[in-house]
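Peer 1: Using the hints, position chain B against chain A.
Protein sequences, first through last, are from chains A and B. Quick note on the working numbering: the first sequence kicks off at 1 and runs consecutively. Quick note on the working numbering: the second sequence kicks off at 1 and runs consecutively.
One thing to keep in mind: the hints can contain errors.
Identical copies go unnamed one by one, so any copy, or any two together, can satisfy a pair.
Calculated pairs, BS3-like style, for lysine-lysine (alpha carbon to alpha carbon, straight line, at most 30 Å) [to be verified]:
#1 113 with 6
#2 147 with 6
#3 20 with 53
Think of the hints as simulated: they come from the structure by calculation, not from any bench.
Chain by chain, the residues run as shown.
Protein chains: 2
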Amino acid sequence: MHKELKDYLPFWDGLTAADKAALAGAADEREFPAGTVLHRGAEDCVGLMIVTKGRLRVYTLSDEGRELTLYRLLERDICLFSASCIMNSIQFDVLVSAEEDTAVLHLPAETYKAVMQRSAAAANYTSELMAARFSEVMWLMDQVMNKRLDERLAAFLLEEAELRGAKSLAITHEQIANHMGTQREVITRMLRHFQQEGLVVLSRGRVELANEAGLQALAAEARR
Amino acid sequence: MHKELKDYLPFWDGLTAADKAALAGAADEREFPAGTVLHRGAEDCVGLMIVTKGRLRVYTLSDEGRELTLYRLLERDICLFSASCIMNSIQFDVLVSAEEDTAVLHLPAETYKAVMQRSAAAANYTSELMAARFSEVMWLMDQVMNKRLDERLAAFLLEEAELRGAKSLAITHEQIANHMGTQREVITRMLRHFQQEGLVVLSRGRVELANEAGLQALAAEARR
Chain A
1 MHKELKDYLP FWDGLTAADK AALAGAADER EFPAGTVLHR GAEDCVGLMI
51 VTKGRLRVYT LSDEGRELTL YRLLERDICL FSASCIMNSI QFDVLVSAEE
101 DTAVLHLPAE TYKAVMQRSA AAANYTSELM AARFSEVMWL MDQVMNKRLD
151 ERLAAFLLEE AELRGAKSLA ITHEQIANHM GTQREVITRM LRHFQQEGLV
201 VLSRGRVELA NEAGLQALAA EARR
Chain B
1 MHKELKDYLP FWDGLTAADK AALAGAADER EFPAGTVLHR GAEDCVGLMI
51 VTKGRLRVYT LSDEGRELTL YRLLERDICL FSASCIMNSI QFDVLVSAEE
101 DTAVLHLPAE TYKAVMQRSA AAANYTSELM AARFSEVMWL MDQVMNKRLD
151 ERLAAFLLEE AELRGAKSLA ITHEQIANHM GTQREVITRM LRHFQQEGLV
201 VLSRGRVELA NEAGLQALAA EARR
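Extracted from the complex, chain A is given alone in its bound form:
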């Protein structure tokens, strides 16, 4: 496993031979079919996951059962919060699910934590990882507080089309609401408005992007 880990972990060369051996010895490959929820809050501290194929979605769940997508992890991204027990101060719960058939390199939390406590290189890399996720959440907070729903929805549809490499998205209004942290009815109303404006064409379980330039103009407001 040395070769793969060296490829995925930028701090590899800064580790001692013993720490390299500890990580390589503990790592294993795991596969999750699309739809699997692979992490549910702090109580299951599965370990670090390096995405080698597919896509993970990291999201929160409110007391009322409403979801909000925080960010997605693509190939080569590292899922830190599935190992939230490596830090005492992570006092929040996220869920992680596979959006596509996904393969990961898995590192057990306790092994990673031990290496991090000995190695400044590993510890600083972990800080950078957390700062990157923090930045995504701060961007989202700005969106939620300060952007209009139509702008956020346009940005979401375009991002989704890019991720999937398709202009016709097999997605329900419920699923969109779960990404955006709002209610299905709110999304249905806005999508119908988009359809009237010629921006999308709706059919059962499907949203087709009909006017990408128009959506981009709207989304540009959200990105400002």
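Peer 2: Showing chain B alone in chain A's frame:
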């Protein structure tokens, strides 16, 4: 400065003598009168601030000029984001202002960064600090997405009364709106409703908590 730093930095004993000397030699005491904005986004990377007296407010500013309070830093808390340049991945801007006359121990960003890169103890402590702030922002995100404004406002007024040790708050509707990331008109409307319910008494530039138990019952919903 050795003695103070040893007292405030839990990782002090894990540092080499050279790193202790570097930090102690670079640290200085600074004072900020109430109202001072001591950090404005990423471009001014002032350094780490350990609060020794007073209170700092960390907040964001939208393109439209709307503020949102992320959290407060009290005595012994460390302000990390005033040294955001110590990590490349911190891609967001916050502002920091003194809410009271505040004194800090200041550590220059470059000195702290150099120590952090050599010391796993310092790097791991910095990770924990960031995880603690991340947790506060995640709590706020849940509030903003999932709690009603009346519940949030009740929780805010109670927190404010506790911080100030007073039931009569010298605070404008504008200032409350800036904490909560909303518009003044929205706060004025809700405060008038609170007054009708006998929860508060309003006068010019002042909100008095008239029924703490009632506010607590409302706020309990937001804390759930």
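Peer 1: Decide, hint by hint, whether the structure agrees.
Peer 2: Against the structure, the hints come out as follows:
no.	hint	in the structure
1	113 with 6	both (18 Å within a copy, 25 Å between copies)
2	147 with 6	neither (41 Å within a copy, 45 Å between copies)
3	20 with 53	within (23 Å within a copy, 45 Å between copies)
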